[in-house]
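Chain L is already provided as a structure; the job is to place chains R and V on it using the hints.
Each chain is listed here by its residues.
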Amino acid sequence: MANSILIHNPRAPFSQGSGLKASVLDHLAGKVVGFIDNTKPNFNHLMDDLAVTLLEDYQVRSVIKRGKRVQSIPAPSAVVDELVAECDLVITGSGD
Amino acid sequence: MIEVSTVLVPTAPKQIFVEKKQLTLESLRGRVIGFIDNAKPNFKDLVDDLEQILIAKYGARKVIKLRKRAASIPAPTAYIDQLAGACDLVITGSGD
Amino acid sequence: MAVTVCSTAFEVLGRRQAASLGCAELPIVLVPHPFGSISRSALPKIAKEVAAQIANLMAEKNTSRASTVLVDHCEMLNVSSDVEIFHRLCIEQKLSDGLPVIPPTPERVQKMLAQSARKPEEVIARLAPAFGDATVARIATNAVMAGCTPQCLNVLIAAVEAIACPEFNLQGIQATTNPAAVWLVVNGPIASALGVNGGANCLGQGVSANVTIGRALRLIMQNIGGAFPGDMDRATHGQPGKISLCCAENESVSPWISLHVERGLSTETSSVTAVGFSGTLNMNIHSKNAHEILRSIADAMAHGPSNDYWCGGEPWIVISPEHAQILSEAGLSKNEVKQHLWEGSKMSASRMADKDLERTRRTRREELGEITAHTKLSISRSASDIGILVAGGEGTHSVYIPGFGNSRSVTRAVDAI
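Chains as they are written, first to last, in the numbering used here: chain L, 8 to 103; chain R, 1109 to 1204; chain V, 4 to 420.
Don't take each hint at face value.
Said to hold, decoys possible - Computed spacing ranges between beta-carbons, pair by pair:
1. R:1112 - V:12: 42 to 52 Å
2. V:292 - R:1196: 31 to 41 Å
3. R:1112 - V:255: 35 to 45 Å
4. L:81 - V:204: 37 to 47 Å
5. L:88 - V:255: 46 to 56 Å
Claimed, not checked - In silico EDC-like cross-links for lysine to aspartate or glutamate, where the CA-CA straight-line distance does not exceed 16 Å:
6. L:75 - V:370
7. L:75 - V:369
8. V:48 - L:56
9. V:48 - L:63
10. L:47 - V:357
11. V:48 - L:64
Calculated directly from the structure, the hints in this document are not laboratory data.
Where a beta carbon is used, it is the ideal one built from N, C-alpha and C, also for glycine.
Pulled out of the complex, with its shape left as it was, chain L reads as follows:
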């Protein structure tokens, strides 16, 4: 009959991070919306169409569009800092 043995767990616990609570806006009207284009095919078009929709249908005040050089690296700190400072909402792309 097999016994039981004790082993070390090879897995790490999920990182707790900083436990940030997602902040949510009351409404889109009058807000500044930023985009980080992840450079995947079609995201630039989605970004353009979404910008038009948000401005025309949701009365967003203005839109700032920024991008990454390639999708598999983080956005430059300067881009992140600019959007954090200027925008009420930032929309990013993920996946294919």
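Chains R and V in isolation, oriented as in the chain L frame:
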């Protein structure tokens, strides 16, 4: 105390061949010598040089030279049959 | 406020990674996958749907959302001592690479830890994409599972340091759809001390040090970094190198300075270099002429769907001792070989498919200016970005190892035992 258990051996036994007596020639004089060129670089030139030496210096009667299409496949059965039927000695190439 | 627009096939990665970064409540809005295949005319409708979903988030502001429950974690587990039952458990719990592993008992882990002067609880790095803490103890645990000898621990600690460097871009390598894997190259005295093979079949199976060190790193990347295939690891096919790839440089037969000396370390220092790569290609070159060999290698490097060409990447060549000797006897230094390959592998941009050329234009505009179909693209930004390693046994083969593209190899010294 470390437990001992019985396991099956994963390797196959070596094949046991009845050892055939190696045929030897008393001399090369008057013999027909065959070559199977393994198609590797320089072997063709070696065979050509050996042909001259075996005939001129060792009195071989004739040399038959056959070349494989590629190094990593066996010689065709027809080559084997031809050389086995016609030759007293067959020389092959191996490696690079 | 932040929102991520995510294609459906990547929702799992998106949500798991948001939770790993402490942002479990990050709103994710889904679009069809593959998003890039949708016609331009169909996108405005999708944009309106996305906008509506974002607007709905505002309306739901005051609605309580279920918070993500983090899985309880124990440092020790009670498992069956039966090897088959343990193997099945590891498969079910996704703790292994599919092959049986050695149970990391306290005794085995302790033996491993005795080889390092570092404290077991020291965090060497946090590994993407789940950003788990790679402690010395956890590295040792995965090393035991992989079958490493205790003396391999310091190599693995240095390897973990290397892959966690920003320029290596572990996040990209772990989560990509590309068949990206990590190749470890061991240099210096520790290579022979551990028996790491840099000779015949060095990229293949059979030598325990090679296979187990590479395997241990994969287990670390999976169990600590969190990238399990089909989950956060989004590889379309993967490749055999994802199981293990580790070798030594064949320093004793190389006519040039070795990789770690090239990178500023002394000959006597032991090191490990981590390379993000996409596969291997055999180059069977019988020529004995140096320039013919270089021309053949350069020709083999050039291919339209290459990540290196659209990114300006870091391709590698494993040069056989025979080819290296021919090149060296022709008077070529390692740097001159790199220069010849860089020039010879320049490829017409017209060989790329339209969308690949489009992204190349965008990605390398700053570096190369305006790129047209007639532009001759370099495989890397400079010749010095081509990696050269002399390794292997007898034979007329060198190996082309394309890079991941958006990754740079990192060399780290190995702690002395």
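Cross-check of the supplied hints:
1. R:1112 - V:12: 42 to 52 Å: holds, 50 Å
2. V:292 - R:1196: 31 to 41 Å: Since the Cβ atoms of residue 292 (chain V) and residue 1196 (chain R) sit about 40 Å apart, the hinted range of 31 to 41 Å holds.
3. R:1112 - V:255: 35 to 45 Å: holds, 41 Å
4. L:81 - V:204: 37 to 47 Å: Given a distance of about 39 Å, which is inside 37 to 47 Å, the answer is holds.
5. L:88 - V:255: 46 to 56 Å: holds, 51 Å
6. L:75 - V:370: Distance ~15 Å between residue 75 (chain L) and residue 370 (chain V) Cα, so the pair holds.
7. L:75 - V:369: This hinted pair holds, its Cα atoms lying about 12 Å apart.
8. V:48 - L:56: holds, 9 Å
9. V:48 - L:63: Judged against 16 Å, a Cα distance of about 14 Å means the pair holds.
10. L:47 - V:357: Holds: residue 47 (chain L) and residue 357 (chain V) sit about 14 Å apart, inside 16 Å.
11. V:48 - L:64: holds, 13 Å
In terms of the numbered hints stated before, the structure departs from none.
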